[in-house]
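Participant: Given next are the chains, with one letter for each unit.
6 protein chains.
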Amino acid sequence: MKIGIIGTGGIATSAHIPNYVKAGMDVVAVMNRTRANGERVARQFGIPNVYETVEEMLTYEQLDAVSICTPNALHKEQVLLALEAGCHVLCEKPPGISENEAIEMLKAAKRAGKTLQYGFHYRHRADTVLLKRMIDAGELGDIYAATAFALRRRGIPGWGVFTNKELQGGGALLDIGVHMLDLALHLMGYPKPREVVGHVGQYLGNRPGVGLLGEWDASSLSVEDTARAMITFENGASLLLDVSYMANIEEKDTMRVECRGTNAGASLFPLTLHTEKYGALFDERPTYLTEHDPYERQIQRFLEACREDPNYRQAEEAVILHRIIDRIYA
Amino acid sequence: MKIGIIGTGGIATSAHIPNYVKAGMDVVAVMNRTRANGERVARQFGIPNVYETVEEMLTYEQLDAVSICTPNALHKEQVLLALEAGCHVLCEKPPGISENEAIEMLKAAKRAGKTLQYGFHYRHRADTVLLKRMIDAGELGDIYAATAFALRRRGIPGWGVFTNKELQGGGALLDIGVHMLDLALHLMGYPKPREVVGHVGQYLGNRPGVGLLGEWDASSLSVEDTARAMITFENGASLLLDVSYMANIEEKDTMRVECRGTNAGASLFPLTLHTEKYGALFDERPTYLTEHDPYERQIQRFLEACREDPNYRQAEEAVILHRIIDRIYA
Amino acid sequence: MKIGIIGTGGIATSAHIPNYVKAGMDVVAVMNRTRANGERVARQFGIPNVYETVEEMLTYEQLDAVSICTPNALHKEQVLLALEAGCHVLCEKPPGISENEAIEMLKAAKRAGKTLQYGFHYRHRADTVLLKRMIDAGELGDIYAATAFALRRRGIPGWGVFTNKELQGGGALLDIGVHMLDLALHLMGYPKPREVVGHVGQYLGNRPGVGLLGEWDASSLSVEDTARAMITFENGASLLLDVSYMANIEEKDTMRVECRGTNAGASLFPLTLHTEKYGALFDERPTYLTEHDPYERQIQRFLEACREDPNYRQAEEAVILHRIIDRIYA
Amino acid sequence: MKIGIIGTGGIATSAHIPNYVKAGMDVVAVMNRTRANGERVARQFGIPNVYETVEEMLTYEQLDAVSICTPNALHKEQVLLALEAGCHVLCEKPPGISENEAIEMLKAAKRAGKTLQYGFHYRHRADTVLLKRMIDAGELGDIYAATAFALRRRGIPGWGVFTNKELQGGGALLDIGVHMLDLALHLMGYPKPREVVGHVGQYLGNRPGVGLLGEWDASSLSVEDTARAMITFENGASLLLDVSYMANIEEKDTMRVECRGTNAGASLFPLTLHTEKYGALFDERPTYLTEHDPYERQIQRFLEACREDPNYRQAEEAVILHRIIDRIYA
Amino acid sequence: MKIGIIGTGGIATSAHIPNYVKAGMDVVAVMNRTRANGERVARQFGIPNVYETVEEMLTYEQLDAVSICTPNALHKEQVLLALEAGCHVLCEKPPGISENEAIEMLKAAKRAGKTLQYGFHYRHRADTVLLKRMIDAGELGDIYAATAFALRRRGIPGWGVFTNKELQGGGALLDIGVHMLDLALHLMGYPKPREVVGHVGQYLGNRPGVGLLGEWDASSLSVEDTARAMITFENGASLLLDVSYMANIEEKDTMRVECRGTNAGASLFPLTLHTEKYGALFDERPTYLTEHDPYERQIQRFLEACREDPNYRQAEEAVILHRIIDRIYA
Amino acid sequence: MKIGIIGTGGIATSAHIPNYVKAGMDVVAVMNRTRANGERVARQFGIPNVYETVEEMLTYEQLDAVSICTPNALHKEQVLLALEAGCHVLCEKPPGISENEAIEMLKAAKRAGKTLQYGFHYRHRADTVLLKRMIDAGELGDIYAATAFALRRRGIPGWGVFTNKELQGGGALLDIGVHMLDLALHLMGYPKPREVVGHVGQYLGNRPGVGLLGEWDASSLSVEDTARAMITFENGASLLLDVSYMANIEEKDTMRVECRGTNAGASLFPLTLHTEKYGALFDERPTYLTEHDPYERQIQRFLEACREDPNYRQAEEAVILHRIIDRIYA
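Residue numbers (UniProt numbering), protein chains in the order written: chain A, 1 to 330; chain B, 1 to 330; chain C, 1 to 330; chain D, 1 to 330; chain E, 1 to 330; chain F, 1 to 330.
Hints are computed from structural coordinates only; laboratory data are not their basis. Just so you know, not all the hints are guaranteed correct.
[Stated by the list, open to error] Every beta carbon over 10 Å from chain F, so not counted as near; a handful from chain B, in silico:
hint : residue
1    : Arg33
2    : Gly86
3    : Gly141
4    : His186
5    : Val196
6    : Gly279
7    : Arg285
8    : Asp293
9    : Tyr295
[Claimed, not checked] With a straight-line Cα cutoff of 25 Å, these simulated BS3-like cross-link-like pairs (lysine-lysine) come out:
hint : chain 1 : residue 1 : chain 2 : residue 2
10   : C       : Lys277    : A       : Lys132
11   : A       : Lys132    : A       : Lys277
12   : D       : Lys22     : D       : Lys2
13   : E       : Lys93     : E       : Lys192
14   : A       : Lys277    : C       : Lys252
15   : F       : Lys22     : F       : Lys2
16   : B       : Lys93     : B       : Lys110
17   : E       : Lys192    : E       : Lys132
18   : B       : Lys277    : F       : Lys277
19   : A       : Lys277    : A       : Lys252
20   : B       : Lys252    : B       : Lys93
21   : B       : Lys107    : B       : Lys93
22   : D       : Lys277    : C       : Lys252
23   : F       : Lys277    : E       : Lys252
24   : D       : Lys110    : D       : Lys165
25   : C       : Lys277    : D       : Lys252
26   : D       : Lys2      : D       : Lys93
27   : B       : Lys277    : A       : Lys252
28   : B       : Lys165    : B       : Lys93
29   : D       : Lys132    : E       : Lys132
30   : B       : Lys93     : B       : Lys2
31   : B       : Lys252    : A       : Lys277
32   : B       : Lys132    : B       : Lys277
33   : C       : Lys93     : C       : Lys192
34   : A       : Lys277    : C       : Lys277
Don't be surprised by glycine CBs; every beta carbon is placed ideally from N, CA and C.
Isolated chain A, as found in the complex (with noise of 0.2 Å):
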């Protein structure tokens, strides 16, 4: 299977080109609008073929698939000249930055008979899949409530273009937040939204201080720092979402995500759960638990999907995900 890929990022070089590689797939092509950049991670990882625009690449190479791993508001434009030239596309998260981005690419996988899945590689953790695992086979009951933490105390990444309004389309929510909604939503069984409401506000991230992951440029932030929500389920659940960037706050970095059933409640990370049982209450932890690379296991999930038969799942839930998003920025 050929694959090409898209943008050179952190993201593209750590997590998604090895794990092609050990997953036997042949990377044929990466393409980047700087060709020093595009060259410089060919070289690396013995890459055949270098391009500049995503038009070439697919023009040029017979690409059974393509790894999108660019700033967030490029994402929709590509995706869709992948689906269209035939390809299966794993897009980083967040999907786009709107719904209706989202809903036009699930309309052009469908189209294209293709699988589309995004980047949410926490649902691919060992402790992830364990639960639900678990919630499938009903420990839980019904998950009436939920609640999703994104938390950094001084969390602007110090690279990249994560303050960049116009390339990013948002900040810590669609950075950071987009992550842990997602996985409160995936546990839940993605219901859909009735109600939202949102607060979303820029309140420490514009002045220079302590930068835990780097320095970033303090005078150019043009994300929200800060994002909170509620969101009520027409099942009845409802969650509430906490999003920062920086925030004088005791979490240095906190992701946790939250469920309450109706037989037993969990949370991760770690894994705990809590529950009742022969009269009394236990709270319950693996104690051991094979560790996998999620982003690993997250390409076999997408080779799978690829082999056997594209199922619209996720990019179809990407559109719930987007709804929310959208009205909380409202």
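Dock chains B, C, D, E and F against the given chain A, drawing on the hints supplied.
Facilitator: Chains B, C, D, E and F in isolation, oriented as in the chain A frame:
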């Protein structure tokens, strides 16, 4: 100063009456619909007079103040009677069961020119007082986000009328949530709410199970065991609220408020502060704090207000508080 | 129900008599060879009659039951007298001092058609009851290996007759080891023993030293301070037993039983469970368990047996228990 | 001194060969039935000669010593060949697979006048050496009771031939139990056993499950996963032994020996001492202990024995060790 | 033995009088300048006679001993009167307020042939007694360095006359420092001082602030809140002393002495020992130590000295102690 | 900027040379009396020239600066030569071995108009820099008491010439004590000393024992292993100093300075602050602090001083430092 006690429940006998005595007040009467209960308490504390109705008590005694410790649904009427009789009033929380009741009570207090205080004793803890002093001194800057948790794992009270909607007007939210909601608003300076979205339901309380606060009657539960909400305010701040009487969670009994300000953040309980100074991040918590009985301090504040000058701030705040609660239940 | 108390030691006055009273029984008589002791206890609990011999007590009182709290070597004769007099019997542990005595008592109970229960209060702890319930529900699968520890570092009792072989019939094994041995057998379903190898001796107790449970008379110690054994059972299971009154070990006072089953393992105290599910290993321990007084529950069970229907299971189990102990001492 | 290596498994390449080199020995040959394996190891360590049979190696090389790292069932024959060829022998544990083999090897060593040492590296850990030194100095007094645990929760090795009874002669007991059994006996001074009762079985290893040491083939398991025993000795002491490859227990991987002496007690690992002095009880553990590689020290001891004077103590101890093991398996 | 009590402060009523009674002494009189105070204490403990002056008490009662519990500046005169009247004396610490006073009291004791003991109760704690026993047995070797800390963060007593220089003769050093200084000297064998350099001052105590031991009157403080010193001894040893009533330090209330010997080191409280043996470093602390009331043991020692044979060691040691203190204040 | 390295010990090769290179300096020469050592280091770092005497190096190279990393007793002469040759000098600590040497070096630096800095790298740690910044901002108020500890349990270095008094001029005090003494004085603002009393000796180092920093030659030890002192200052402050290379203490290796100020107290390492505010006591420690290599920062400060403007503060401080040390040794 002569005071009469209305209601003889646990809060009256364990918290209020002993502290009135300690403060040098003259507890001259106690009222309970069931004469035997009134007499039992009268004997216990040496209170000379027992009444079966509020009206009688107010008629036959020359009271300066009353202390109301009855089920929520009775508050409003008793507050009005007492104010009209020229008494200062310290009424247990919640103020009443709706915004309209809160408005009526506020008006009556202003009309009578008497102090109307509510029993939010968490405001009077030593750590709360310290934090409030720091907030007022500007240590936190502007508070733009807050969170309030009142979470019990298996904590439906096995005594009293807490599961009776008719008498209490509500469940987990009105009993324990109201404490943390008031506390958060108090620390935020009671800003005006703009949007409220809520989620209220009965999920575990209607099934028998382990009772950490005694055995309750699951079959007759008529109130919510879960209440969650997000509130946005006119000043741009937001508040997440999460309340449960029972849930499959790790917390056994957590009362917690967190405030994020532009200079520092803080959370209760215990009091912790999070800030940045001299180019480093600091977590601070008071190593030593002179503790005091919050109920005792509440009564000191009540007496000061009675003696000096009736202010209506708490009665006004109660209107905002109930407006929010009304919308959550809506 | 009328009950008479035989013996006035600590277990009688601190554990049994108060719980008989609490359970609504009519404690009508107390017997002690030394009249003054009997009268002291009678005064303390308002017991109307005092006797100096069991025979007299059984003759002059119309008792429904007796509670035997005397040194081990006296149990058998007193149990027989009481059963012959038509009384139900709750006899302190150990049942007697040999398998023959246990057989004689079992036969007498059957002959009399009366309940004969022994004071193994560890069986009645809340955590034991919970574990037993889980074992009976099949949570552990087949228990094929168990371990029982009753280990004290410097714990020869400084009171009573615990160091007197003639009155007690044995030392550490009969006093504390018997509790954990019974508990392990109870959890395992009291399987039939096949092989027993034992090791019994006096190593530290005959020299003066630190006494964590008071000062004992090292010079007159006539019982073992150490007892260890391995028992194999006809069902293929095995049990390791390790008991000491005094030893140079880390444990100050450890009472512990561990069971390994084909589905899960468990240990007491505290209760911990070890299992594999959903491809992960879990350690579980009850976060909350309604505690109760094991002595109180023991008496409730005794009363139920008396009222409803005499079962001889405990009396039969005592035969197996003493068979094992006899072989360890052999 | 010239040495030849028999067998090329992990213990040979990670522990033995590097330490022979470090000790200045001349590793001149390596033997493996599969030539490719021998050549791989020869290349890795620059060993000049490779053989496919022990006989050839002993014939063509003038060896002073051999190091045997093959499956247990092959030890005896190889040891005999090497001793007959005039070599000192360091043979991996267990010595062989039966008492008879141990006796044959002892006799051969005496006949040859050569050192025969077994690879019990736990004896050579710094904490073991310290404890042994203290025991020899009388710090513990007489050791009258010991316990040896080798307990793994899910630890059947996923490599090698450990599950193959024909090649290994046994399972958990011969692989890991033998280490702690030897260690306990070593600390006790290798007393003569009197009675042995054992319990051996296969309970969890024959079902697929989580593998903390890799995935093993449950379907072909032919060895015990559980072995337990009690041994009494002629000097009046006793030893409890508890061994598992897999069990539903809390311990992930516990290797532990405990000795109780008349003056003090001790346990490994970590080293802790328990004693009474000056009228108080003390727990002591070395705060600092110069650590060393136990494999390196084992080889130093082997070289000393080779150079100075062949003593047969370990070979004699192996007879006792295998006598006990034979009876446990019986 | 008849004893009279001089002074009625807390130490008299909580520590001394109950222990005299417990020891079987005949407490026949109590003296206080304010008759009401004397009478209150007399009633509390059933003491038959009350006096307003020491002279009267000594005149009208036939006392065997007196117990002096008055402010420091009064000790010397009262000790002298009592000794002259033929009484044994137990005088609260510090002995007096200067070396000259200590000398005068020593001479008087010798002249009278009576026991003169001072109330250094830290010497009588179980852990101190154990350490002293070990030092005397040579476990530490030669003690060449010691440290004594008496550090309180906010610990000026809110009661008594501790802040009054005229009555107390000094502050932190004479009140709490003297305990640790005496303890260190006691453990070191009370060597003769050579050089003393000291630093004494008032830094925080004269400003209002948090009072962990009650509220003191900052405006009238006339004693030091800080005292530090280094003392060298004729035997070559040295002692660092650090004392504070109030300081901005982590320790809330730390009383600590550390001794470094050539064989081992030790520190109190808690008792910890540090040594090297068998080629390893060990930290030891007693796991179990029979605790006793140090005040009770102090009185037992006093009685033994009275009964058996007056030794003047403590009175001699007091001279050295005050010599050091004089030089620190100088 | 051209720099020459004098001495090739560990501090030169691990800390200094790599940081000069990192800072962009031109390391053109290295000097060592033993040519082979110089050449080894030259090869390692690509330094073009090697000399055997300082004079040659200064003659044949046009150096802007030198870095002195030789035994203490050689510092003064080498510093003088380098300054006279017009070089800036960074000399390892301690400055020299006496106050006179420090004065000579100060004068030479002023005469030459060149920077003379000493290698007190603890001053350049991130936590020290943060604390110094806070002290300079007045957070601590006046520092009236300080403590400096440099305590090792078994820490005589097993390499170098640290035990040679002739070359080093002293032992524990000059090697490790000097760091904490300088650090304390630096934080206190280098006040002028008034009184100094000291205690210096050799207690454990002259006997063989456990060596936590390698094996040293106990038989040839000619320096002190223990040094303790108290220093009082003209500004009324005091400093306790406690230093050991070896002692029977709990601390393995503790470098610690504590300052008590009138507003707050602080201690290093780790940095902790103790203060009172808003009526409560707070302990603060930085939760996050950007760490940096103190040696790198030391060289940055050196370069800044060289480039901008030679200040003589450190050279002046060295005079005070050595005055104190001289008196301790006296």
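Participant: Taking each numbered hint in turn, which are not upheld by the structure, reported in ascending numerical order?
Facilitator: 6, 7, 14, 19, 24 and 29
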